[in-house]
Each structure stands twice: as C-alpha cells, then as structure tokens.
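Participant: Chain by chain, the residues run as shown.
There are 2 protein chains.
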Amino acid sequence: MSTAEELGERKIINLILDCLDQMPNMPVPFGDDVSAIDIGNEKLAIIKTDMLVGKTDVPPGMTRQQAARKAVVMNISDLAAKGVQPLAILASIGVPRDLTAKDIQKIGKGLNEGAREYNAYVLGGDTNEASDLIISCVAFGICEERHLMRRSGANPGDIVAVTELFGRTSSGLKILLESLSAPPKLRKELVRAVYVPHARLKEGLALAQTQAATASIDSSDGLAWSLHELSVASNAGFLIDNLPVASEAKQFAKIHRLDPAELSLYGGEEYELLVTIKPRLWEKAKKAVEHIGTSLIKIGVVTEEKDLLLKAEGKKVLIEARGWEHFKTV
Amino acid sequence: MSTAEELGERKIINLILDCLDQMPNMPVPFGDDVSAIDIGNEKLAIIKTDMLVGKTDVPPGMTRQQAARKAVVMNISDLAAKGVQPLAILASIGVPRDLTAKDIQKIGKGLNEGAREYNAYVLGGDTNEASDLIISCVAFGICEERHLMRRSGANPGDIVAVTELFGRTSSGLKILLESLSAPPKLRKELVRAVYVPHARLKEGLALAQTQAATASIDSSDGLAWSLHELSVASNAGFLIDNLPVASEAKQFAKIHRLDPAELSLYGGEEYELLVTIKPRLWEKAKKAVEHIGTSLIKIGVVTEEKDLLLKAEGKKVLIEARGWEHFKTV
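Line by line, the protein sequences are chains A and B.
Mapping to the working numbering: the first sequence position 93 is 1271, numbers consecutive.
Mapping to the working numbering: the second sequence position 59 is 1237, numbers consecutive.
Extracted from the complex, chain A is given alone in its bound form:
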C-alpha cells in the first residue's frame, strides 16, 4: 500500500476529502484558498488554517521570530487572495522541549508582528509538546459575499495578471537549501524574499472592491501550480505570453546557468496574487492596485482550451502542473 511519501500532498488531501460529508450550500467549495460560512445578511465568515512545520517550512538561517511571523503571513495571504481583511489570528504551537524562554518570546513577537502588520490581532491559541517546532495558525475575517474572489470564475478572454515578478524565492531557496552562491547584495535580496514574505492584502482588498477579478489565488505553491489550480477550478486554460521573471532571478540564473523561466514558474513560498480580470474593468483594477504602490502585471489571457501554455520567442510550450509539494521530491 502507498505511503504518504509516495502519495504526495494532493492525493492525501483527496483521500481525506472523500471521507467528508459536504455541508449543504457551501459558499466556497473544498479546495479553494479558504473556507466560508454563510452568516446571513449576505455576509460570509472566512476561515483559513495552515501549519508551519520546522523541518520542512523553516529554511536554514530563518529565525524563530521570522518563522512565527511567516506562519501568520501565509494564512493572511490566503485571505488576501480572496479579498478578505483578517480580523483575528489564532496560533496552536507545538514546542520542542529544549526551546528556551527567549526562543518562546521570539515566537510570540513574530506572531504579533505578522498579525499587526495586517491590522489583525492574535486572539488566542494553545501550546503543546512536540518533537519539532509546529506553528498552526488560523486566520479569520468577514466579507460581503459579493466581494469574495473565488478560484472558479475565470472566463475565456479574461486578462491574467500578477502583483509582482517571480523567481526571487526559488532563487533564495536554492541559495539556502542547495548552497548556491550569489554576490552579497543579490544574495541578501533573494534570501530576504524567503525569510520575510509579505501578503498582498491591500492589493487583494482593493481588487475585491473593484469587482473586476473573476478568479484569484495566492501563488504560494508556485506560479505554474497556481495557474493549474485556477484552470481546474475555472474549467479554462491559460496562454501566458509575458512570463513575469524578476531581474534578480535573471541575474541569479545567469550566474548558475539556470533557466529563469523555470525559476519563475516552478518556485513556491512566493505570496503574490494571481488573478483573472474582466477586460472591460482592466484599467480600473490596474489603477486600484497601482494606487497602493504595486503593479498589476498582465501576463496572459484565459483560453477556452484547458491547456496551460507559455508563448515565448514565437513558440508555444506546455507549462507543467507542478510546483512545491510536500512529501514528493519534484
């Protein structure tokens, strides 16, 4: 019989989903970035939980304070992608026996920092003994049902856009996990992208207000995988003709003869928004995001065919449905 290691995260999730009775009239289906409950008056309660595990989610050199902050930010990022302001954070913490009082204070500070940066508060939680550091956070918010940006609404012809260029974190992770080198200034920037991720909350909230987005997801599992997820949920495909590659990733790729497209597509831990926008509302959406000081970068178009295609130098190549996945080495 297959083990967790052979199954991979997505098959594990499906095995569990198959055991669950489904709540009638779920406002968002299983598998979207968040869960939602109808609380009346056309409002939804939005909840997300995601767990940070020391061994797999804390790269070398990341401090405990940064790890705790990241555990909060990765949950807030999912609310951001849905256009929902987080109000409260809860944290359930597994603490190894040898952590010191100072380590624990750093964790407390990181949790508070992550929440306060996004105008939320840590309201409570729980601690437990565990063999590895575990920080399982919950983010909670409330939104108007009509403002919620699901994964499932992309229509052929919609504009595909992202909030930032990609490839910094995958480069940073190569530095931290595979000991690849980089000049000091570049190294610092790439590594910082991994250690101090930011959720695109203001951008998500602004986009939700415009009602221009037909689908939205955070890119934490990598750009390619996020495209795949949107494609499945929306039953549509994508033609990407402007791959968003960060200049730092290009520089890093050049040094190590890596493919910059690969760094941009198949990374992970990159908390940008990937959205599809109604063409007639494109300017409105773009301005709303620019008003915050962020670019909304057009990278392609939604297609009727279900393929994920990358058009570069006149050729079309398939974007593979892979990305960061626990258990499986990709």
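These are computed hints drawn from the structure, not numbers from a lab.
No experiment lies behind these values; they were computed from the predicted model shown.
Honestly, I wouldn't trust all of these hints.
The list makes no distinction among identical chains, and a pair is therefore deemed to hold if it is satisfied within one copy or across any two copies.
Here are the simulated PhoX-like cross-link-like pairs (lysine-lysine), alpha carbons at most 20 Å apart as the crow flies [stated by the list, open to error]:
1. Lys1189 x Lys1287
2. Lys1189 x Lys1280
3. Lys1380 x Lys1465
4. Lys1363 x Lys1432
Chain A is already provided as a structure; the job is to place chain B on it using the hints.
Facilitator: Structure of chain B alone, referenced to chain A:
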C-alpha cells in the same frame, strides 16, 4: 535559561501572551476556552484551535480514526463549555511519511465522525509533512453575546456543578500508560472513556439558553485545575462537599489501593462541563440538562475566600492547583 520542559505549558503561554498587542474590546479575554470576535447585532463569532500531537495526546491502542475524532471533539468541547453550537471544523494535519493511504482514510473518517456527531461539518484544512502525527483542528461557531458562558462570572453563593462523575479517564490512562490491570469489563469501560471522549454540547447549549450559569469551563485539564482556572478568572473560591467520583474509578482505586479522590480531581482528558449556577435558577438549569438525559450534579458552592477547599468526613483540605500539563511531570 529555562527550557520549555522546565517552564511548563502555562508559563509558556504567559511568555507568548506578554508579546501580544491586545485587540480593543475583546468580548472574551485571553485565556478563556475560546476566542471571540464581535460581528455586530449582538452576535459573536467564536473560534477555538487546539492541537493533537501523536506522541503526547494519543495513548497506546488508540486508533488513528479515534485520534482524529478526538482532535475534533476536544475543540468542540470548548465551544460546548461556552454554550456555542459548532458550525464548521477545519483540520491542519501533519502527516508522517510512512502513513499509508488506509491510515489517511481513517484520519479522514475520524474527522468527519467527530464533526457530524455534533452537527458540524469539516470545511477544509491543510496537510503537511511532519515527523509525528499532528492534527490541529479549528472549531467555529456563532452565538448571541448574552448566551456566551465565560469563565469569569462566578459569584459567592453560586452552586458548583458538573455534568458527570469523574475519574474514569485518569483510571483508563493508568491502565494504558502505567500498565495497571483491571477486570475485563471494567478495563473496557475505563479505556473507552479515554479512546472515545464525548463533548457535552447539548448540555452546554441547554445551559446557555437558561442563562443560569455564571461561569463555565470544560474539564479537559482535570477537575482540580479547572476549578483553579474558574477561581482565577472569577476571583472567587470553591468549597467542594460532594466530590464527584465515578463508581468505576472507585472500583479501580480499590484494586490498586489508589485514592479515588485523587483519580477524580487530578485527571485530565475528561470532557465534562464544570459550571457555576445562580441558586435561584438551579432547578431550571438542572431540568434543562436532565431533559437531555444527563445529570447536573451539585458538588459545592462558590465562596468569597479564594481557596479551593474539599470538605470530606468533616475535615477541610486544600485542593491543589494541578492537573494534566504538557512538559511538566506532575
């Protein structure tokens, strides 16, 4: 510097709380069984998260399905103690690499079972690679603010009551963890109390409707510790004159020459309600709980003095503020 092991769970929690900015006008303070957010119209959103860790929370012989069910039930129990119907459960799961597909299905079944028993649904979650089985659940519900039963309202003269006699789980844990023996029928009952805990949800909901309870807590950290927590939160003491000891615990104590009072007071993993009731509403509260088929057992009275006292055979002895605590051997 002290390590987590030396600090103990409660000091760890205080170290973290000291780092947190406090949300203005929190409807329930830090440290109550649940967290709450004011959502307008005199309603509160109630959230709880609690983590089950394989190594410390899954005794020998407990199946993975039972463990997953317990991870849900222990969160629902906290909502039950506040008088709040759980609507949704989320589960963030840390999966060891060697778990099989069948193991994972059992976990899915256990989660669903725990939720459906209490009329809630599992709405989502997340899986991660971890070295030990971790099931961090979230329970969510909504209640009228006036129905919420906090820890903090006990007044001198109020009646102290519980929903069941105590000592089964501490006896069961002695069988499972210390290999103490018991006749087959007794063993089965005691062990089952550990493997298949029940949350007193119907009882909590009924009590909330009566508005008879001035304070309420679930007894998952043991009766003595729960009395201590209520005492601190309500700034009052307790005189217990009718210690609730289950007949099975008395039988078990007799076999091993244990103190049945000890088994009743200093156990844990016993998901009963410990409540304080306005004397003039005692009959109403009692009837509401009996209507469900459960007894509401009067065990003592709230006192002005802050001590926790047990009156037995004409003598008064101090109840120690100890119970099940992770990290610390008690």
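Participant: Would you mind marking each hint as holding or not holding in the structure?
Facilitator: Results for each hint:
1. Lys1189 x Lys1287: Answer is between; shortest inter-copy Cα gap is 16 Å, intra-copy 36 Å.
2. Lys1189 x Lys1280: Answer is between; shortest inter-copy Cα gap is 12 Å, intra-copy 39 Å.
3. Lys1380 x Lys1465: Classified as within: same-chain Cα gap 13 Å, cross-chain 52 Å, threshold 20 Å.
4. Lys1363 x Lys1432: within (16 Å within a copy, 72 Å between copies)
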